[in-house]
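S.K.: Protein chains in written order, with the numbering used here: chain A, 1 to 86; chain B, 1 to 118; chain C, 1 to 159.
Keep in mind the hints are simulated off the structure, nothing from the lab. On a predicted model such as this, the values are computed, not experimentally measured, just so you know. The beta-carbon is built from N, C-alpha and C at its ideal position, and this holds for glycine as well. Take these hints with a grain of salt, some might be off.
Unchecked claim - Label-pair restraints from in silico Cβ distances: (1) C:Ile34 to B:Leu70: 37 to 45 Å; (2) A:Arg57 to B:Lys100: 21 to 29 Å; (3) A:Trp22 to C:Leu24: 45 to 53 Å; (4) C:Arg75 to A:Ile59: 34 to 42 Å; (5) A:Gly58 to B:Gly98: 31 to 39 Å; (6) B:Leu13 to C:Thr99: 46 to 54 Å.
As the list claims (entries may be wrong) - Interface residues of chain A toward chain B, partial, derived using beta-carbon atoms under 8 Å: (7) Val35; (8) Ala44; (9) Val63; (10) Leu70; (11) Glu83.
Unchecked claim - From the derived model, a few chain B residues whose C-beta atoms are all more than 12 Å from chain A: (12) Ala16; (13) Asp67; (14) Leu74; (15) Ala111.
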Amino acid sequence: MVEFLLALAAGLAGAAFLLALWRFFQGPTAADRVVAFDVLTIIAITGILLTALVAGRGIYLDVALIYALLSFLGVIVVARYLEGGL
Amino acid sequence: MDASLYAVTPLNLLGALLLVLGAAFLLLGGLGLVRMPDVFNRIQAGTKATTLGTLLSLAGMGCLRPDWGLKLLLIGLFILFTNPLSSQVLARAAHRVGLKKSPLTQVDRLAEDTGEAP
Amino acid sequence: MLPLFSILLILWLMLNASLAPDVLILGLVTALVIAGLFRGSLSPLTEFKATPAALRAAPLYLLYFLKELVRSNLRLANVVLSPSLPLNPGIVKVRTRLTSRMGRLLLASSITLTPGTLTVALQGEWLYVHWVRVDHDDIDGATASIVAGFERYLEVMYG
């Protein structure tokens, strides 16, 4: 039962990832791609955490944390660049 | 592989259900990203749905692995503080470079005040 | 400097989940150096009024925020899942009574995560908010329905 629910969650997150990926490639503007990138990374965090759960390895939590940190930084830097403030 | 994870206990079931709910909200965010007509509405859909989705998933994992609680809480706090910030910075940048807004848009007080073309 | 230092130390201890002397000393030194380097920056404890009323308001604010977050997602689901995509977007201008920097920042972030609104710009006491469904395009009406709910708590906590 729990196994099935976990697989279902992974499937839903995967579908969300594909939708965001479509927006990422479709654009049409750079800002749209950055929004899509932001959403992609957040979905990826859930993906990493699910992996940590199933593999039973706590060290992946740190990976997720650093990933969240870097994606935040990346979005801020790109947004500043779009604004012309970099 | 972690066998105790798949034991059917109330807490494990609650955790797995929260994970499914969280992933459903992530899917909602992805759907919003595809369906919304302009970048501001897309940011709205993206940021709200992914914040709640991630928080619910983290809560679910906390139920499945209570020993990870502290670190999951840390990730949750981080998401809660940074997610709206990156959306705001992005929205401001999109507005400043004058991205096309959906034709449905009613008013734009910011453009009026800064003297840009609406 | 002290607010940032305490936040950093708390985060460090949460990350390590231990109070061993070496962890504690490393955390103290690192937090001190970072807090010294970024003296002017904000942290959630900056300008926090440590009065009993503020301490009572903080958990209430969190509860209200979570309630609004869930409500905003249900409304979003309502919009995204309906075939006609009922949108009526616009950018409105609202005013806040808050004067502290942290209070305004938290207000802007809270607005971003609550039903149908996204802060686009923050200029002094004025906030420009993108609204998925514009109900009021005048300043007073928009302020009452977007800002007032959070301001109640943040005013007590940060001023």
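S.K.: For each hint, tell me whether it holds in the structure or not.
M.R.: How the hints compare with the structure:
Between C:Ile34 and B:Leu70 the Cβ separation comes to about 21 Å, which falls outside the hinted range of 37 to 45 Å. Roughly 46 Å separates the CB atoms of A:Arg57 and B:Lys100, a value that falls outside the hinted 21 to 29 Å. A hinted range of 45 to 53 Å holds for the C-beta pair A:Trp22 and C:Leu24, which are about 48 Å apart. In this structure the supplied range 34 to 42 Å holds for C:Arg75 paired with A:Ile59, their Cβ-Cβ distance being about 38 Å.
Take A:Gly58 and B:Gly98: their Cβ atoms lie about 47 Å apart, and the range 31 to 39 Å is violated. Range check, B:Leu13 to C:Thr99: about 48 Å between beta-carbon atoms, so the 46 to 54 Å window is met. Because the closest C-beta pair between A:Val35 and chain B is about 5 Å apart, less than 8 Å, the hint holds. The restraint placing A:Ala44 at the interface with chain B is violated, with a minimum CB-CB distance near 10 Å, outside the 8 Å limit.
Using the Cβ-Cβ criterion of 8 Å, the hint placing A:Val63 at the interface with chain B is not satisfied: the shortest such distance is roughly 11 Å. Because the closest C-beta pair between A:Leu70 and chain B is about 11 Å apart, greater than 8 Å, the hint is violated. At its closest, the beta carbon of A:Glu83 sits 4 Å from a beta carbon of chain B; the interface hint therefore holds under the 8 Å criterion. Once the 12 Å rule is applied to beta carbons, B:Ala16 is inconsistent with being away from chain A; the minimum gap is 4 Å.
For B:Asp67, the requirement that its beta carbon stay farther than 12 Å from each beta carbon of chain A is not met, with the minimum near 8 Å. With a least CB separation of 7 Å from chain A, B:Leu74 falls inside the 12 Å interface cut-off, contrary to its annotation. At the 12 Å boundary, the C-beta of B:Ala111 stays outside the reach of chain A, the nearest C-beta of that chain being 16 Å off.
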